[in-house]
Amino acid sequence: MLYAFLCYNNEDAVFSWTKEEDDAVMAGLHKVHQRLIEKKKFGPAVRLMPTTAATTLRKDTDPPLVLDGPYAETKEQLLGFYVIDCEDLEEALGVARDFAKANPGGAYEVRPLKLFLPGSFEK
Amino acid sequence: MSELAWIDAALIAARPQAIGALLRYFRDLDTAEEAFQDACLRALKAWPRNGPPRDPAAWLILVGRNSGIDAARRASRHSELPPEEILSPLEDVEAPMAERLDGGDYRDDVLRLMFICCHPDLPPSQQIALALRIVCGLTVPQIARAFLVGESAMEQRITRAKTRIARADVPFETPGAADRADRLGAVADMAYLIFNEGYSAADDPQGDRATLCGEAIRLARLLLRLFPAEPEVMGLLALMLLQHARAAARVDSSGQIVLLEDQDRSLWNADMIAEGLALLDKALRHRRRGPHQTRAAIAALHARAATPEQTDWDQIQRLYAALEILEPSPVVTLNRAVAVSRASGAGEALAMIEPLEGRLAGYFYFFGVKGALLSQLGRSAEARTAFDRAIGLATTAAEAAHIRNHLDRLMKDSADAGA
Chain X
5 MLYAFLCYNN EDAVFSWTKE EDDAVMAGLH KVHQRLIEKK KFGPAVRLMP TTAATTLRKD
65 TDPPLVLDGP YAETKEQLLG FYVIDCEDLE EALGVARDFA KANPGGAYEV RPLKLFLPGS
125 FEK
Chain E
8 MSELAWIDAA LIAARPQAIG ALLRYFRDLD TAEEAFQDAC LRALKAWPRN GPPRDPAAWL
68 ILVGRNSGID AARRASRHSE LPPEEILSPL EDVEAPMAER LDGGDYRDDV LRLMFICCHP
128 DLPPSQQIAL ALRIVCGLTV PQIARAFLVG ESAMEQRITR AKTRIARADV PFETPGAADR
188 ADRLGAVADM AYLIFNEGYS AADDPQGDRA TLCGEAIRLA RLLLRLFPAE PEVMGLLALM
248 LLQHARAAAR VDSSGQIVLL EDQDRSLWNA DMIAEGLALL DKALRHRRRG PHQTRAAIAA
308 LHARAATPEQ TDWDQIQRLY AALEILEPSP VVTLNRAVAV SRASGAGEAL AMIEPLEGRL
368 AGYFYFFGVK GALLSQLGRS AEARTAFDRA IGLATTAAEA AHIRNHLDRL MKDSADAGA
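If you read the protein sequences in the order shown, they are chains X and E. Here the first sequence stands for residues 5 to 127, numbered as in my numbering. Here the second sequence stands for residues 8 to 426, numbered as in my numbering.
Just chain E, same shape as in the assembly (with noise of 0.2 angstroms):
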């Protein structure tokens, strides 16, 4: 790996801690998103010089509160500033700044850093772009690509929502346990969010879009280093990591959405997989449910199946079940009601979700398992009408291609089960 490459890592890895200190000295977004610009323009010159600093974290704070501090007292003298060499002493100053930052110190700065990103007055789309920006430090033309929206549209919504933060309070004091638990679970439905932006971009399944997927984990894994005994952050990483395991099998040559059951599993990554089991593991260790533990779970169980009739769909829909109770919504009763029809026939199944269909009368995939259901229980006119509906519900061509295949596998079961 290129010295250029390990130091873009570093600063990549050191980004959320060093704007989050800088944040909580100058208490405002900009301020501290310049200072660290500045200190990674510096990093770039010194450390291929001098050699990367033991604690980048540390340095790029301090670099970057000196040079923040410097910037406002340009603005207020207009005077010359000093020659380089008197602004920043680097080198004797890297100990003492990371003995000061002591961890909590700095849990707590992240956690407000992307706790504002989340601030409930910002809709979701302003709330996730923030985060992309801010957080992870991707460019708004990355971001832009990633929504599938126009540059300049991209800056105007990162902009509207920074300056609805600086107007609502953004709280610096320190939080109390509380606080700071609401404040996790604010975040991690915000990373889960980020993901899901990239796990449902099925018209780009390895372009920009799913990169999203990436840096979601990456911010849940950053939440878990600060947070290591919460079972809902165990139990998110390990979400998105049995779920993003099987990013190389979900489409097919032509781009096509591959369904679960149809997957080569092989194509599978089997250390993300891994990985996930075992966090889940921890998780469930703590016996406190939540939702991300049971998705998690639910994810599991499609993860250890060897093959698509090897599924638990027993154990899948009393998962669901508890999901009900946790998130109460007609989306997992719909769920709930796909692995009923899978474990219990099509029958029950329908007479679930039937009573959804006020709730649900705008969502595509609830006709489509309304019409698969009617189809496997020989009612067919009644099928297609729902088809028809779903098809006409679906906002894009992937989405309508994703129905179709859907639709014509669950036919085709119909079919061969009947033949």
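Chain X with its partners taken away, still in its complex shape (with noise of 0.2 angstroms):
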């Protein structure tokens, strides 16, 4: 079974730490992930800029609705994710768009990434 593991935290906190605390917190996630690749158990992993960077696309209306920010509701539960390359907002956005079109309802916010780790899964 594929799990995901959707990481929470207080982002005031997280993205006030200095560059030798940030460090010291990636070198300690990088050995457990190191042990993960090793066994290719290790699939995408991913770190978001923060939630000031993202735009979200509702798509309970028609045509969906482009709002600064992040989802902010409580009412719709995360039920899954994309990753991928754009190379604008504007690109992204029609990709949402697209989405959209084939499976209106909810929301998506497009947020941008701080770091992407492709994984070691074996085919």
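Don't read these hints as lab results, they were simulated from the structure. All C-beta atoms in this analysis are idealised placements derived from N, C-alpha and C, irrespective of residue type, glycine included. Honestly, I wouldn't trust all of these hints.
To be verified - Covered stretches of chain X (in silico footprint by chain E; criterion: 3 or more residues with CB under 8 angstroms from a CB of chain E, positions within the stretch not fixed):
(1) 14 to 28
(2) 45 to 57
(3) 83 to 94
Stated by the list, open to error - Between beta-carbon pairs, the in silico distance windows are:
(4) E:Ser159 x X:Lys23: 52 to 58 angstroms
(5) X:Leu121 x E:Pro59: 25 to 31 angstroms
(6) X:Gly32 x E:Arg294: 42 to 48 angstroms
(7) X:Asp27 x E:Ser132: 34 to 40 angstroms
Take the two lone chains and join them into the complex the hints point to.
Listed below in structure tokens is the structure:
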């Protein structure tokens, strides 16, 4: 079974870490990653930019509505995510609109990545 | 990360919201600050024992309010305090308190707190000092070091600022949309002042003054969280990140400023640049240009150039031209002239700056640029006169060295071009 691990923390605190503090946490995580990578168990992993970099496409309206900021409701639940390589936000929102046509209702929060680790699954 | 460090980070993050709310209750800055300090002391005792509360800001506001009320009672009655266990039954009051703190209220609290620091009666140096003390929570010695003044002088500066504010009318009513936009503009400008105070610290690139850049970025982040759809706030944060990304490359091992085109671009912070570009991208979608976005767009063109030669000087001079319309200033024109000299040659640039001489007669950078342009045009005698005036106007050794480097480089360029 594949499991997703969704990481939650207080971004005010995390983004006020000094570089040394951040590096120390990442070095600790890296050791855990390394063990999983050696066992070919480590799938793609990402670290997101802060929520201030997010844009949300509400797709329960037609046409969908673009809002600045993260998804901030509680009436819907996180059901999945994509990682798509886009030139800029405009292209990313275009992709989100294409998804929305195929799958209306709910919302997509579009947030740039800070770090992408491709992982090491066996084919 | 140690427990204490986590608590410290949580207290710092909660500070603007908590002091903003306490200021609304007590309508007095000193009372609000003391109440917050007291709440922090209690947090240091209670949180390691009980674990961190779900909403640290709500906890601090509640405890701070109780403590402020107790202090007021104590002052009026001189009576004995009840034991601490009776005073603050904190464990089960958190959730309803958090619910009462609805988003709008807290947004206006933080904005008001920042806005009173940029009261028009206060000179910019007092605004910045007060904001760093009250909003960011830096200590007086920290601020004094950042401004390169003595502690008692800084203490006085902050006390004077507080006295002026206490006499002035602080607007406690909920602002209307137009007032809110005005406040946001003033507060964003103040955050930019703090950033520049740190950024221009050429003499101390990694030390106390440079922490001002970090504080300014934190304020801009907070503002953007409160006002997520404001393109100028996005632009401001983008600008700060794009400029601060170059911090490690701006100074060499001997402490000398390294000019943009001489910087080792591999030292630029790629994370900050990526975030800055993403924010600018978000801002420009709104198609509501403003000065912060325009400055960020200029910084973005530098950030996107892998080598100095790839810099799009023509686009940069167009952006400075747009900035001249948004915020007319001879310094902006001077910067545009520098871009023009790269895009279309020194002659055109010199013609642009000559009419500015009257207004920039005390500005060392003006004569630095003028001298460089003249030397590029082969007018060596006039160039030397301008250089001499530039060096004479430099106010610090670092400034003079900066100009000398700048001039040396431009002279070398012109020598190369002539060779």
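The hints, checked one at a time:
no., hint, verdict
1, 14 to 28, "holds (count 8)"
2, 45 to 57, "holds (count 5)"
3, 83 to 94, "holds (count 3)"
4, E:Ser159 x X:Lys23: 52 to 58 angstroms, "violated (33 angstroms)"
5, X:Leu121 x E:Pro59: 25 to 31 angstroms, "holds (29 angstroms)"
6, X:Gly32 x E:Arg294: 42 to 48 angstroms, "holds (44 angstroms)"
7, X:Asp27 x E:Ser132: 34 to 40 angstroms, "holds (35 angstroms)"
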